[in-house]
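Protein chains: 2
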Amino acid sequence: MPDAQNRRIVLASRPEGEPKPDDFRLETGALPEPGAGEVLIRTRWLSLDPYMRGRMSDAKSYAKPVEVGAVMEGGTVGEVVASNNERFHEGDIVLGQGGWQEHSVSDGKGLRKLDPGTAPVQTALGVLGMPGMTAYTGLLNIGQPKAGETLVVAAATGPVGSAVGQIAKLKGCRSVGIAGGPEKCRMLVDEFGFDAAVDHRAPDFAERLANACPNGIDIYFENVGGRVWDAVFPLFNDFARVPVCGIVSHYNDTELPSGPDRTPQLMGAVLRKRLTLRGFIVWDFASQQADFAREMGDWVRDGRIKYREDVVDGLEAAPEAFRGLLKGRNTGKLLVKVA
Amino acid sequence: MPDAQNRRIVLASRPEGEPKPDDFRLETGALPEPGAGEVLIRTRWLSLDPYMRGRMSDAKSYAKPVEVGAVMEGGTVGEVVASNNERFHEGDIVLGQGGWQEHSVSDGKGLRKLDPGTAPVQTALGVLGMPGMTAYTGLLNIGQPKAGETLVVAAATGPVGSAVGQIAKLKGCRSVGIAGGPEKCRMLVDEFGFDAAVDHRAPDFAERLANACPNGIDIYFENVGGRVWDAVFPLFNDFARVPVCGIVSHYNDTELPSGPDRTPQLMGAVLRKRLTLRGFIVWDFASQQADFAREMGDWVRDGRIKYREDVVDGLEAAPEAFRGLLKGRNTGKLLVKVA
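Chains A and B, in that order, are what the protein sequence lines are. Heads up: take any position in the first sequence, counting from 1, add 20, and you land on the working numbering. Heads up: take any position in the second sequence, counting from 1, add 20, and you land on the working numbering.
It should be emphasised that the hints constitute simulated quantities derived from the structure, not laboratory data. One should not assume that every hint holds.
Same chains, same label: a pair holds when it works inside one copy or across any pair of copies.
Straight-line alpha carbon distances no greater than 25 Å define the calculated SDA-like cross-link-like pairs of lysine to any residue that follow [unchecked claim]:
#	residue 1	residue 2
1	Lys293	Ala79
2	Lys293	Asn161
3	Lys191	Ile301
4	Lys129	Ala83
5	Lys293	Arg34
6	Lys293	Trp249
7	Lys326	Gly213
8	Lys293	Gly246
9	Lys357	Met76
10	Lys293	Thr274
Keep in mind it's a predicted model, so treat the numbers as computed, not measured.
Hey, can you work out the whole structure from these sequences and the hints?
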């Protein structure tokens, strides 16, 4: 075995608002021993995703929180380095939920072998994995894009947003992406083929968004909330659809924004414009995984869907990279290269 | 012809908040003359409905507002008293949009002959008309009731709410109705067959609602907003559906409620519980009119769906009755017996 020890990052304390560096703790422990039927996996890639902020809190949600003192959860791609499970062999590359650590032990449940010949293995954490499938299922099932419609998505250089905008283009929509800063906006148009990009940092952001959507908004793929929602809201066309995938701008909130309470305004627009707002998580559409893998795999191989990765080196860099993710500092799928 | 004059109620001024008596004006004018292809109709029944509050304001909506000085809009059942249209004959009973007046002229578009032999003609304004179809289409298309689920509806003795609760029962749901006062609550259970009724005037209303929904809420048919929404909101189950049909408690609002702004709380619940909120108006489902007429007609004839009417006498009583409607003073479908 390559190492005698295992480094891991645990949740040191539940954050109040923005996670602080000392809400995480790097620990070194003994290398775990795989028991009967188990495999030992050395992590190569760790995925960092906004949902992890939810796991750090103990508010009621669709998934249990990480316990204080426990290893942070996370999707991983790794290599089997020891196996007591007949389905897996040393050297296999596997997708799993190894968490923020250099080694993990698995009984094989939920572990999936990857074929390094078909695509770079870390894309199983991005465009061909959970973020890509989030984009695909949320957009197609809830957004229901039709040719000629206008789609808006924020965090648009991220792995979900960039896939949403590109799939909408394949369906004949006008795709408008929102991102922070001129460089990301250029990337949206030049690399990802969006029809327009709007910088949410611009003081006249709302006006720019309105100008980029001369025919209003038919689909808004919601992943940020806050100021972006405020700018999108008046532009909804009748019968607009809003897949609600995340509200990352609120994940660090410790209290509600000051008033007035705009709930009646929102419900009034839902009524008058006959909007559809529907929340989802990717596993609600688990039955569509094969469709996603086939269709998205084809699109990526054909170059019709492009993706971008933002790689940081070493497990110890994960907490700071994650803190940056919540502020939109990454460009593309944020990955930690662990080994 | 029976009268030489026509009395009508016009919009005298756009209300600020609650409509005042002098926002309406009773006028007497000459009896209109039907032109070529037109019919003259004497109004028998005028329907009063919450949507009319929207027509009194000039806020942007799905329908144009009534102009100041123009006759208030409204659905009517009347008798053809003169006809220059070969499709209609003197004595025909017709459903149309005659408005708040004793006589109206129509070119026949949107006018529908009723058969007094199949059902009391005024039911075409209630359980077998727009309110009944609102309940039917909103509940079945958006609410998607499944046996064993819990449905909640407010204004539950009204024509929409009572139909929603009863149709949900036919689909195997537990139906919980919300109404104002013990008498209406008794009626919900004893007459309409709801499983439980909750009085929204009770000081411990939210607690009572929670007790009436021991398994949470799967469908909330939204027609009032405000305090009822606040009590319903924490009780939503995962994947709950919310057909948004109206928010009558806000129709007289002149400003938003004080803070905090609960928009992020709402969107957070949409996400975490994967709620579906979808606004609609009945004509979005116009293609389902024949299905509705057949199925609801059967249910009403079989006594499986019951209805109740609240009749006021004389056109001049319409403004006060309408003001009461917005405060929940009616019990059952509010109709003005005009002639």
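Checked hints:
Taking CA atoms no more than 25 Å apart as the test, Lys293 paired with Ala79 passes between copies only; the shortest distance there is 13 Å, against 32 Å inside one copy. Taking the closest pair of Cα atoms, Lys293 and Asn161 come within 25 Å of each other both inside a single copy (20 Å) and across two copies (17 Å). When the C-alpha separation of Lys191 and Ile301 is checked against a cutoff of 25 Å, the pair qualifies only within one copy, where the shortest distance is 22 Å, while the shortest distance between copies is 28 Å. In this assembly of identical chains, the alpha carbons of Lys129 and Ala83 lie at most 25 Å apart only when taken from the same copy (18 Å versus 55 Å across copies).
In this homomeric assembly, Lys293 and Arg34 come within 25 Å of each other (Cα to Cα) only across copies, at 22 Å, whereas the closest approach inside a single copy is 40 Å. In this assembly of identical chains, the alpha carbons of Lys293 and Trp249 lie at most 25 Å apart whether taken from the same copy (16 Å) or from different copies (19 Å). Proximity of Lys326 and Gly213 under a CA criterion of 25 Å is satisfied intra-copy only: 9 Å inside one chain copy versus 57 Å between copies. Taking the shortest Cα distances, Lys293 and Gly246 sit within 25 Å of each other both inside one copy (21 Å) and across copies (19 Å).
For a Cα distance limit of 25 Å, the shortest separation of Lys357 from Met76 inside one copy, 22 Å, qualifies, whereas the shortest one across copies, 63 Å, does not. With identical chains, the CA atoms of Lys293 and Thr274 are at most 25 Å apart between copies only, with a shortest distance of 20 Å across copies and 32 Å within one.
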